Amino acid sequence: MKVSQGNKRGIAARRVTAAPRFALALLLAATAGSAGALFAPQPAMAQEAAATDNANNGEDENDPLEPMNRYFFELNKFFDTILIKPVATWYDGVVPEPGRDGVRNFLDNLRSPVILANDLLQGEWERAGTTASRFGINTTVGVLGLMDPAADWGMPQHSEDFGQTLGTYDVNEGPYLFLPVLGPAPPRDLTGFVVDQFFDPLTYVYWNESSNVPLIRFAVNGIDQRARSLNTLDQIERTSVDHYATVRNLYRQIRKSEIANGERDFDDLPDIDNLSFDTNEPDTPGMRF
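So in the working numbering, the last one in the sequence shown is 294, and the numbering has no gaps at all.
Everything labelled a hint here was simulated from the structure, so no lab data went into it.
What you are looking at is a predicted structure, and each value in this text was computed from that prediction instead of being measured.
Hints are supplied without guarantee of correctness; some may be wrong.
[What the hints assert, rightly or not] Each pair of labels, with its calculated beta carbon distance range: (1) SER138 with ALA265: 17 to 27 Å; (2) THR208 with PRO103: 38 to 48 Å; (3) HIS163 with GLN240: 33 to 43 Å; (4) THR173 with ALA137: 15 to 25 Å; (5) MET73 with VAL210: 33 to 43 Å; (6) ASP175 with PRO91: 36 to 46 Å; (7) GLY128 with GLU242: 35 to 45 Å; (8) THR173 with THR208: 36 to 46 Å; (9) LEU125 with GLU242: 13 to 23 Å; (10) PHE83 with ALA156: 31 to 41 Å; (11) GLU242 with VAL100: 22 to 32 Å.
Just so it is clear, CB atoms sit at the ideal spot from N, CA and C, and this is done for glycine as well.
Take the sequences, apply the hints, and build the full model.
Quick look at the structure:
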């Protein structure tokens, strides 16, 4: 059977695009290895999660799929160790900080329509106005979002997603789920991830085109997030009695904080009615600093 010259070129083109897609698939599989693609935890929060894990020895509720979750967690850790962490370390060492900040600003700006949609769905009109203003300012004055002048003008960046939106309407997280590529993805947040794709204009721009651009965007985002949390994620692993349980607890803490927009839930504070602050009574609890 003869193959025309045009068909040969088409086959060759498909082979060329298959290679980078395979590499991207590996990158995406590794981006969630230590939950680095989905969140960049702060050191204080990492210590708090590790302390919580050490106190309860990793025991937690609502994880009926724990054996499968642990398998995928270890699989992603393997890809993180052999691929994504070295790439993120190289990226952090080679690309100067202004360049990395430009990449982060550009990616954050691209996500503005998703954030705006969820601001509106949550009835957060002031935050929606901030998101819209940031997008307009950073896209123009900030040169397509490479810079963030809006933050200097009193409009700091914030993040919203449909999983958070569901949380504001008291939709339960559901059983904990850890998936290849996506990492922590309980049903509420997995649903949110899918719905957010419909809020993203890039979904429609590349609906009938190559998926390379969305994949590259996802991979670069994962590498950048991993690079920004290299030390923190190493600290989590070093200080954890059970690394999997610590990541699970940390993920839940971060999601709870994001849903509350960083506001403290005073109902979660301990009952202090019976606490004594008389330091002359050694057998009673007192305030420690």
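Hints, verified against the model:
A C-beta distance of roughly 23 Å is found between SER138 and ALA265, which places it inside the suggested range of 17 to 27 Å. Under the hint 38 to 48 Å, the C-beta atoms of THR208 and PRO103, about 30 Å apart, miss the expected range. Between HIS163 and GLN240 the CB atoms are about 25 Å apart, so this pair departs from the stated range of 33 to 43 Å. Restraint check, THR173 to ALA137: a C-beta distance of roughly 19 Å satisfies the suggested window 15 to 25 Å.
In this structure the supplied range 33 to 43 Å holds for MET73 paired with VAL210, their Cβ-Cβ distance being about 35 Å. Restraint check, ASP175 to PRO91: a C-beta distance of roughly 42 Å satisfies the suggested window 36 to 46 Å. Taking the beta carbon of each, GLY128 and GLU242 are about 39 Å apart, inside 35 to 45 Å as hinted. Checking the proposed 36 to 46 Å range against THR173 and THR208 shows it is violated: the Cβ atoms sit about 23 Å from each other.
At roughly 39 Å, the beta carbons of LEU125 and GLU242 sit outside the given window of 13 to 23 Å. Distance hint check for PHE83 and ALA156: the Cβ-Cβ separation is about 37 Å, which falls inside the suggested range of 31 to 41 Å. Between GLU242 and VAL100 the Cβ separation comes to about 24 Å, which falls inside the hinted range of 22 to 32 Å.
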